[in-house]
Each structure stands twice: as C-alpha cells, then as structure tokens.
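Engineer: Please construct the entire structure, taking both the sequences and the accompanying hints into account.
In order, the protein sequence lines correspond to chains A and B.
Going by the working numbering, the residue at position 357 of the first sequence is 357; the numbering climbs one at a time, nothing skipped.
Going by the working numbering, the residue at position 43 of the second sequence is 1043; the numbering climbs one at a time, nothing skipped.
These are calculated hints, taken from the structure and not from any lab test.
Here the structure is a predicted model, which means the values were calculated and not measured.
Treat each hint with caution, since some may be false.
[As the list claims (entries may be wrong)] Cross-link-like lysine-lysine pairs, in silico, DSBU-like; alpha carbons within 35 Å at most:
(1) A/Lys270 <-> A/Lys286
(2) A/Lys48 <-> A/Lys286
(3) A/Lys368 <-> A/Lys221
(4) A/Lys353 <-> B/Lys1034
(5) A/Lys305 <-> A/Lys368
(6) A/Lys209 <-> A/Lys241
(7) A/Lys87 <-> B/Lys1034
(8) A/Lys278 <-> B/Lys1034
(9) A/Lys221 <-> A/Lys89
One-letter residues, chain by chain:
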Amino acid sequence: MLDHGTTPLRYARGWHCLGLASSFADGKPHAVHGFGTKLVVWQDSQGKLNVLDGYCRHMGGDLTQGEVKGDHVACPFHDWRWGGDGKCKEIPYARRVPLRARTHRYETAVRNGQLLIWNDPEGSAADHDILPPELPGVAQQLGETSDTYTDWRWEVVPIEGSHCRELIDNVADMAHFYYVHFSFPTSFRNIFEGTRATQFMESKGRPDKSEGYGDAELFLKSEATYYGPAYMINWLEVDYKGFETEVILINCHIPTGPDSFTLMYGITVKKPEGIDDKTADYISKKYAEMFGGGFLQDVHIWQNKVPVQNPLLCEEDGPVYQLRRWYEQFYTDVADLKPEMTDRFEFEVDTTKANEYWQAEVAANLAKRESAEV
Amino acid sequence: MPSFVPTSPTTLEEQRLYTQARLVEVACLDCLAKVAVKKNSEHHTSIQWNAEAVEACPELGRREGASGSRDGHRGCPRLLASIDVAVREGQIPIGAEDGY
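Structural biologist: Have a look at this one:
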C-alpha cells in the first residue's frame, strides 16, 4: 500500500533564493510569496536589499503595495516606516514609536547575483558558512558584469498541489531521465554529506524523441549540488553536434504553502572563444528553453502524482531513502538532528541493464517510425 | 515538530531495509576508516560513512580545506580500491535482495 504520509507543518531551515538581485533594485517594494506568507523586498539608499514580512505589524497593511521612503518601506495603510533591521523607524503621526514595534526580518546575502534569505522556524542566526559558493567568473554583487559568462536568464514557475520534496527526489532518480526527459543516463552517482547533496550524471539524448533532452547528438556531463534545502548549482558540460558549451544552471525554489512552491531556474553560459555576445546570448536562450522544457516535464508528473512515504524500489533505482533522510535534516530542530541525516553517503547506480533495455526500446521505436514512413 | 510523518507502521521497516540492510563493514587498507558497504551488482556500490570514518580519511580531510571546491564530489580512490579488494576476497556479497 502507498503510504501518503502527512506533509510537514514547517518550512525548511536554510538559505532560499528569492530571484535575481537586480530585479529588486529599482527603489520600489517587491512582493515575493514564501513560507506561507508574503515578503516585502526593497533596496535602501546604500544599495542593500532588505526583506521583511510583507504585512505591517501595526494593522496588517500590505507593505508590498506601499512605497520606499528614504531607506524605509512605508505601509500604504498608516504610513508606518520600517527599516531593514525589522524595527519601526517612524510613525509620522505619532509622538513616539513603541519600542516593541518590530517585525519579522530575514537575513540576506547576495550570491552569484541572486538574493538569498535565511529561514529558520527556530529563529537561529543565519549560517553564512553554508551559503552556496560564489561561482568564479560570474557577476556577484549588484552592478557587476562578467566578461566570461552571459547574464542570467531567469524563469519563475509557480507550482500548486505539490510539496517541494518532489523536486528534491530527482537528485536520486536515475530512471526518470529516460522516461520523463528523454535521455539515456549512462553514468549516475550521488554523494550526500552535511548540508550538501550531489548528483553526477552523464547522459546522451534519445534519438527517437525531439522534446526535452531527446536528440541523438546531445551529450551532457552534469554535476548538480544542493547547497541546503532549496538552492542547487548544476554544472553542465554540454556537447551538441560536437560543439561544447559550459552551462551553469541554478535550480532553486521557495515554498509558498504546505503543498505549493515557486520553482525558479537561471541559466548562464560561458561565452565560447571567438563568439560575440549576441551569439552567446542566443546559445543561453536555447539552453534555457531546453532545460526549462525539462522542468515542465517534471511539473506535469508532480501535479498528477501522489506523495509517497514508502517508495518501492528496484535495484536499478537511486538512493531515494537516503536522500530523504538527508533532506529531513532541514525540517528537524537542530537539537534533534541525527548523525545519519548528515553523515557522508556515496552511491553509484549500475546503469548497464537499464541502458541495454532502453537502447533496444529506442531502436524498436525508430524501426517502427521508419516502416510507418515507407 | 512533525515532519514527513509516515502513516503506516510498515514504512519504518521499509526505511530500515533500504538504508541499513545488507551493509557489510569494510576497513580501508590505507587508513583507519571503516565504512559500511552494499553491492547490488559488480558496478553498483553504496557506501555509508560515519563521522569517525570521515575523520580518519586523510584524502577527505585534505579536500575539506578548500571550501567551495568541487573536490569533495569524488570518492576516496584508496577506499574504492579497498572495496574492490574486499569484493575479490568474497567479503561483500554481490546482488540485491528483492530491490534492496
């Protein structure tokens, strides 16, 4: 029997990406849905990005519909002014600001040109040691540009009706790359340790498909690491018709409710030697479409499946249980963490049998198609 | 606080089967690391480390220094060689049992 289990009543501890830092840097308040509420994001006069609970602690006004006044965000309801430190700085009509006038603030960091915030239901201070790494050559802070990488292409996809653990499961799921994304995973390994979970995969496209990664001349070497519960860097060496490109894909999400989340992905491409910026941007657009299409294939599966606590695995499957044990650490109070959640675990899937079968199936599909065309 | 809570008591047994069953202890031939290993086939390998073993492995210790490096994404070649020896000596049974 499928055990659907119950979904967690909390949101994961760790760094969550809200989007490209530049998209919040226009002097206006911005709304981002996350952690069951709405957050307000704005840039102050020093250029710092600030994130607070989007609803005013006074009477619940929507700060994202307010205005930035000086360094503060002002509520549209009664003009209470809030600072990035979470304190109320001014109430224009009041003699004094109550000392207790504080709201929930999120600690922020800018990495790889993206805004990240720390979430912890236990209220701990942000752990900067476990931030995702800075990608060498990629523009980091606001206003920087890169000579070696194209600008991020950034896409936002709201997902309703699925818990974000469905997305995480992909890290350990070898066989879905054939069925959902139309590629042959020829090599597949995982390492989970501490707050990181990595998938290594080499794959080639299926010649009998043209959507997703289906293409006889597409070879991928992929190394994808989750840094915490919600931010993955995927380093990809893409070989398409003998033309090699280095692609970096960011796959991140922010939970919005008990069974909904916002998926975001960003693509940057290392500008190939001797290729002008316009062509490099075109290449990044093409890869963004390809990987974007890949995510939509996953989304279709998630929105129609049920949650499962007790997946029934065969020996060619990846380490789903160990991955979930790793993921559970982010939903567990620090005092209750168990060593096995963070202990190093390595796994290599034997893809031989699977690929023998898949090669035969694809050959049969191609033969069928050819005879239909005659 | 409750997290992903199974609603069927047999789920816990399944979790145990997939994460703990059939693990065999393998000691590294080059350092004091001891890990738990499972092999579903010649090519498949599952390696469960603990903190003590990671501490004992000079190869992993050397990599820890470079934070943000992608080095830690590879296994320790000495440990992998030690597992190969253990397989050749018949210490690790090869072949899955009903999917785990």
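Engineer: Among all the numbered hints in the text so far, which are the ones the structure does not match?
Structural biologist: Numbers 7, 8, 9, in rising order.
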